[in-house]
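Chains as they are written, first to last, in our numbering: chain W, 1 to 190; chain G, 1 to 190; chain A, 1 to 190; chain C, 1 to 190.
A few of these clues could be false.
Derived contacts from chain G toward chain W, CB cut-off under 10 Å, selection only [claimed, not checked]:
(1) 25
(2) 90
(3) 113
Okay, the calculated bits of chain C under chain A, using three or more residues with CB under 8 Å as the criterion [what the hints assert, rightly or not]:
(4) 22-29
(5) 32-45
(6) 100-114
(7) 175-186
The hints are simulated quantities; they were obtained by calculation from the structure and are not laboratory data. The C-beta atom is built at its ideal place from N, Cα and C for all residues, glycine as well.
4 protein chains.
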Amino acid sequence: MARPLSEDKRNAILEAAAEVVAAAGVSAPTAKIAKAAGVAEGTLFTYFATKDALLNQLYLTLKAEVEAAMLAGIPASGAARERWRHFWDRYLDWGADQPAKRRAMRQLVVSDRITAQSREIGNRGFRDLEAMMAESRAAGVLRDQPAEFVAAVMEALAEAMLEFIAREPGRRQHYKQAGFEALWCAVAVP
Amino acid sequence: MARPLSEDKRNAILEAAAEVVAAAGVSAPTAKIAKAAGVAEGTLFTYFATKDALLNQLYLTLKAEVEAAMLAGIPASGAARERWRHFWDRYLDWGADQPAKRRAMRQLVVSDRITAQSREIGNRGFRDLEAMMAESRAAGVLRDQPAEFVAAVMEALAEAMLEFIAREPGRRQHYKQAGFEALWCAVAVP
Amino acid sequence: MARPLSEDKRNAILEAAAEVVAAAGVSAPTAKIAKAAGVAEGTLFTYFATKDALLNQLYLTLKAEVEAAMLAGIPASGAARERWRHFWDRYLDWGADQPAKRRAMRQLVVSDRITAQSREIGNRGFRDLEAMMAESRAAGVLRDQPAEFVAAVMEALAEAMLEFIAREPGRRQHYKQAGFEALWCAVAVP
Amino acid sequence: MARPLSEDKRNAILEAAAEVVAAAGVSAPTAKIAKAAGVAEGTLFTYFATKDALLNQLYLTLKAEVEAAMLAGIPASGAARERWRHFWDRYLDWGADQPAKRRAMRQLVVSDRITAQSREIGNRGFRDLEAMMAESRAAGVLRDQPAEFVAAVMEALAEAMLEFIAREPGRRQHYKQAGFEALWCAVAVP
DNA sequence: TATGAATGAGTGTTCATTCAT
DNA sequence: CATGAATGAACACTCATTCAT
């Protein structure tokens with residue numbers, strides 16, 4: 001086979017897309033993304049058939065990245081509150097360390113170019129994550145709310161905290177703490 | 001349709017813009033907005049100098065509308081929790097009753113076409129609202145967090161609840177209740 | 001109504017399209033056509049929704065033009081041979097006087113961008129023309145062939161003669177004569 | 001599929017080009033042709049330097065093929081009419097049996113990508129053919145027209161008949177007969 | 001020699017904005 | 001002031017051709 005499709009190039013395009021979408025929204029020109037990735041305009045389309053395919057792939061990639069970040073180093077056992085805190089901290093650290101990716105995600109989530117199927121697949125990972133937490137709910141630690149509700153509250157609060165962290169990077173720990181307190185109080189049995 | 005007067009036309013354009021932006025994002029063509037408003041393409045530009053001006057005005061108008069909805073019928077006195085509950089309920093009712101406007105707002109908030117100045121002005125209203133609440137914080141009902149923090153948490157949770165209500169309109173009361181419990185527990189002194 | 005769609009501009013675009021398609025085929029850029037017509041690139045699309053729409057319209061327009069040319073000045077009565085000769089002469093004169101349009105037609109006829117429907121409509125006019133000739137066939141002047149056959153032979157011979165005339169304009173009369181003799185002998189009862 | 005030898009590959013590309021050009025015109029992508037030929041995109045360019053070179057070669061190849069078909073089995077002597085009939089029949093049989101090649105030819109003939117030189121060379125073969133017929137003209141069988149004229153009339157009528165045959169394959173004999181009668185009457189001394 | 005990824009000029013079409021009516 | 005045709009700069013995507021493998 002001649003010059004195989006380069007995984008590096010594919011990743012460069014996705015990284016560039018995150019940067020550019022974060023800065024200019026989903027309507028950013030593909031030419032700008034290609035340039036940022038250091039490839040020719042046409043090359044982008046050998047890796048992603050259409051702009052929509054690229055955006056959907058970016059969405060899935062970012063979703064998977066967040067999930068992987070949250071699961072990394074998760075303690076196999078331990079008090080429910082501690083495990084939740086782990087998730088929360090990893091989530092916020094990821095978001096705070098990758099501001100471009102987080103802003104890109106904000107754009108993608110509200111865009112109608114992300115298909116229902118992508119959203120479905122993207123959430124599947126989180127559902128697995130929540131399944132791991134089913135026990136703590138069963139153990140009576142969490143209020144009686146469906147996993148989706150808990151996840152949505154967590155995401156909402158995390159987003160709000162990340163906004164503050166983005167503006168005041170020095171107070172990351174503060175917002176992580178304050179946010180978690182709010183979260184725990186909101187979802188845990190008092 | 002009778003030819004509406006000037007002010008009516010302006011409002012028709014803003015209403016149409018909300019609908020169209022909700023459905024197709026901020027990159028929706030001005031021609032589509034004009035058509036939805038029942039005016040000619042060019043007429044839109046006699047009321048709003050540019051598309052950006054229209055989007056920013058829409059943002060401010062919606063912000064003001066939410067604020068007005070929240071303040072309407074506010075009890076002059078009463079327990080802090082009840083007054084907060086009033087705000088919360090009015091906010092969620094507005095969002096649930098005006099799904100298009102809420103979805104339009106989601107698009108506008110993440111768009112880079114909304115200027116910092118607009119955001120500043122838009123939040124001023126909320127700051128006034130919070131000023132009214134300063135006393136409850138002073139009275140030791142709320143945790144020691146800046147008003148912005150409380151507002152951000154409230155908005156984040158409200159958004160999350162509205163997503164659920166949009167999907168299950170019949171359970172509006174349930175989500176209003178569950179959301180408020182989470183909110184109160186997150187911001188109030190335990 | 002503001003500035004109405006200009007019939008002149010529409011015609012200018014069709015004329016330009018004929019010129020450009022004649023010279024560069026149906027794959028000629030729309031930008032080139034617009035420029036030749038003296039309008040902006042975008043203007044072309046206010047008159048014709050797509051390039052295909054323009055090409056199909058051009059096809060129909062040219063077909064109608066040929067037909068009109070053939071019918072103009074047709075003697076109401078007279079010997080069949082003279083009436084056929086009239087058609088033949090008008091056809092060849094049109095083709096010889098409008099070389100660009102004729103060459104454009106050559107391109108359009110073989111292009112798969114001209115729809116079956118356009119071809120159907122385009123031939124309808126000729127069928128009317130042939131209907132007028134039914135009598136001569138009935139009168140035993142023409143061989144027993146369907147009208148379509150006669151029309152196809154006429155077109156084929158005309159095309160061949162026009163090629164010669166294009167190369168030797170001075171011998172137009174010669175080729176008109178020679179071609180008609182071939183035609184008549186081919187279709188008439190000996 | 002066993003990897004074909006060089007000459008086979010060249011032929012495969014030409015055959016594929018005929019199919020693809022017949023279906024999609026001369027603007028069909030070279031990638032499509034390569035795929036249809038079962039070779040890589042780049043390989044096409046080791047056999048033909050440019051797309052134009054391929055198209056011109058295809059034109060010449062098809063021209064040569066028709067000519068060969070017409071000359072095959074030609075009776076060395078015999079009545080002029082019989083020999084003409086032989087040519088005519090072989091021409092129409094070739095066109096009717098190779099509809100793709102014939103349609104490809106139609107596209108090539110009107111394309112400005114076929115150079116004057118190619119056309120010149122392509123017609124040379126036919127001129128040879130006509131040279132063989134010079135004697136019948138000399139013998140007073142044909143009207144006093146240049147060979148080119150006769151050839152053009154023959155081609156024009158053949159094209160027209162092939163259109164009919166393509167639509168009604170069952171009536172091939174009928175159209176061969178009717179067409180030849182028209183041809184003979186058009187070119188022969190009455 | 002064969003392959004197919006890489007390239008970037010070119011294409012049809014869209015759209016915010018202007019301006020003649 | 002209202003209208004919608006006119007404009008031309010973008011934009012997503014295609015494709016002939018090159019060249020690293």
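Here is what the structure says about each hint:
Hint on residue 25(G) holds. Least Cβ distance to chain W is approximately 6 Å, under the 10 Å limit. Hint status for residue 90(G) relative to chain W: violated, with the closest Cβ pair at about 19 Å, above 10 Å. Here the hint on residue 113(G) is kept, as its CB sits about 8 Å from the closest CB of chain W, short of 10 Å. With 5 residues bearing a CB less than 8 Å from a CB of chain A, the stretch 22-29 of chain C meets the requirement of three and the coverage assertion stands.
Proximity of the stretch 32-45 of chain C to chain A, defined as three or more residues with a beta carbon under 8 Å from a beta carbon of that chain, is not established by the 0 residues found. Requiring three or more residues with a Cβ within less than 8 Å of a Cβ of chain A, the coverage given for the stretch 100-114 of chain C holds, as 5 such residues are present. Beta-carbon proximity to chain A at under 8 Å applies to 6 residues in the stretch 175-186 of chain C; the threshold of 3 is reached and the given coverage holds.
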